[in-house]
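These are the residues of each chain, in order.
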Amino acid sequence: MKEGLGWFFQLFTGLFLVALLGVHMLGMHMDTLLPRFGMGYKDPLVFQEVLKRGHAPLFVAFYVVFLGLALYHGFYGLRAVLMEVWASSRTLSSINMLVWSLGLFLFFLGTAVSVGFFLV
Amino acid sequence: MAIPLKARPVQNDLGIVGWGWAGRYGLERYLYTLHRLTGLGVLFYLVLHIFATSTRIFGEPAWKATMGFLHHPAFRFGEYLVFAGFVFHALNGVRLIFQELGYLLGKPTPPVFPYSYGLRDFRPVAFLVVVLAVVGAFVAFCDMFLV
Numbered sequence: 808m809k810e811g812l813g814w815f816f817q818l819f820t821g822l823f824l825v826a827l828l829g830v831h832m833l834g835m836h837m838d839t840l841l842p843r844f845g846m847g848y849k850d851p852l853v854f855q856e857v858l859k860r861g862h863a864p865l866f867v868a869f870y871v872v873f874l875g876l877a878l879y880h881g882f883y884g885l886r887a888v889l890m891e892v893w894a895s896s897r898t899l900s901s902i903n904m905l906v907w908s909l910g911l912f913l914f915f916l917g918t919a920v921s922v923g924f925f926l927v
Numbered sequence: 426m427a428i429p430l431k432a433r434p435v436q437n438d439l440g441i442v443g444w445g446w447a448g449r450y451g452l453e454r455y456l457y458t459l460h461r462l463t464g465l466g467v468l469f470y471l472v473l474h475i476f477a478t479s480t481r482i483f484g485e486p487a488w489k490a491t492m493g494f495l496h497h498p499a500f501r502f503g504e505y506l507v508f509a510g511f512v513f514h515a516l517n518g519v520r521l522i523f524q525e526l527g528y529l530l531g532k533p534t535p536p537v538f539p540y541s542y543g544l545r546d547f548r549p550v551a552f553l554v555v556v557l558a559v560v561g562a563f564v565a566f567c568d569m570f571l572v
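For the record, the sequence lines run as chains A and B.
Its first residue numbered 808, the first sequence is counted upward by one per residue in the numbering used here.
Its first residue numbered 426, the second sequence is counted upward by one per residue in the numbering used here.
Keep in mind that the hints were calculated from the coordinates and are not lab data.
Mixed in with the good hints there might be a few duds.
[To be verified] Here are the in silico distance ranges between beta carbons for each label pair:
hint, chain 1, residue 1, chain 2, residue 2, range
1, A, S901, B, V550, 25 to 33 Å
2, A, P851, B, P535, 50 to 58 Å
3, A, P864, B, L544, 43 to 51 Å
4, B, A477, A, F925, 28 to 36 Å
5, B, F566, A, F925, 31 to 39 Å
6, A, L858, B, L495, 43 to 51 Å
7, A, P851, B, V550, 43 to 51 Å
8, A, S895, B, G484, 27 to 35 Å
9, B, G503, A, F925, 24 to 32 Å
10, A, S901, B, D546, 37 to 45 Å
11, B, P533, A, V922, 47 to 55 Å
12, A, E810, B, L506, 29 to 37 Å
13, B, L439, A, P864, 49 to 57 Å
[Claimed, not checked] In the DSS-like style, the derived pairs of lysine-lysine whose C-alpha atoms are separated by at most 25 Å in a straight line are:
hint, chain 1, residue 1, chain 2, residue 2
14, B, K489, A, K849
15, A, K859, A, K849
16, B, K489, A, K859
A virtual CB, placed ideally from N, CA and C, is assigned to each residue, including glycine.
With the rest of the complex left out, here is chain A (with noise of 0.2 Å):
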């Protein structure tokens, strides 16, 4: 990939990520004074809770598209580091190999139990 379009890249889901993960952290983190004004869920991590929500199809989908972007974001964001600490031509592929493969791997780890758990 281009290092210009992974910058792109790098921006444009770090405003997604800004407002998703916002929401993410107010409603299943913040879970003590949002429901006092009647927003964000009140027991978020009660099995029952999450059972719902993970055989809503539009949660599904969310969950999915949330973690590609966080982990496209994080792992370019890595990079970045470790080209800056270990800089130099020799790394830069096993750097590269690295953050793909670890992302990828948590990818189809994070999207195979959402769908198999939305399945269930």
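Add chain B to chain A, keeping to what the hints say.
Then chain B, alone, in the frame of chain A:
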């Protein structure tokens, strides 16, 4: 006498140490360092989060066991750090995107003393990021530990 030209650019040999100090850094440089640290922290949490939430596929007992394990105060504090780190990373990231697109940099001016320094002209924006991040971290602290 001709000034000798360097054969190649000077490499950044300071590595990670250079993130902390390599001269007279301004506020924006420390925000850059914090941006990287919070980014790495959130990524580390994301990886753990994927594995932890994947246990739902094994049913309610596995899910309850995982959530029970993660309810330990140390993990709860880690979750708080991730939330605070995310708030800062998001706010500073938006500032950086604006800069990348040419905003919040100031207009180019001739190099006439006293010099204009684009980043310093927009330093209030950097301060605003810090203040909002502190407020966000405080609200999260209240939500997770006080209320």
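Evaluated hints:
{"no.": "1", "hint": "A:S901 - B:V550: 25 to 33 Å", "verdict": "38 Å, violated"}
{"no.": "2", "hint": "A:P851 - B:P535: 50 to 58 Å", "verdict": "57 Å, holds"}
{"no.": "3", "hint": "A:P864 - B:L544: 43 to 51 Å", "verdict": "46 Å, holds"}
{"no.": "4", "hint": "B:A477 - A:F925: 28 to 36 Å", "verdict": "19 Å, violated"}
{"no.": "5", "hint": "B:F566 - A:F925: 31 to 39 Å", "verdict": "35 Å, holds"}
{"no.": "6", "hint": "A:L858 - B:L495: 43 to 51 Å", "verdict": "18 Å, violated"}
{"no.": "7", "hint": "A:P851 - B:V550: 43 to 51 Å", "verdict": "34 Å, violated"}
{"no.": "8", "hint": "A:S895 - B:G484: 27 to 35 Å", "verdict": "48 Å, violated"}
{"no.": "9", "hint": "B:G503 - A:F925: 24 to 32 Å", "verdict": "29 Å, holds"}
{"no.": "10", "hint": "A:S901 - B:D546: 37 to 45 Å", "verdict": "41 Å, holds"}
{"no.": "11", "hint": "B:P533 - A:V922: 47 to 55 Å", "verdict": "52 Å, holds"}
{"no.": "12", "hint": "A:E810 - B:L506: 29 to 37 Å", "verdict": "32 Å, holds"}
{"no.": "13", "hint": "B:L439 - A:P864: 49 to 57 Å", "verdict": "50 Å, holds"}
{"no.": "14", "hint": "B:K489 - A:K849", "verdict": "17 Å, holds"}
{"no.": "15", "hint": "A:K859 - A:K849", "verdict": "14 Å, holds"}
{"no.": "16", "hint": "B:K489 - A:K859", "verdict": "16 Å, holds"}
Consistency note: the structure conflicts with the earlier hints numbered 1, 4, 6, 7 and 8.
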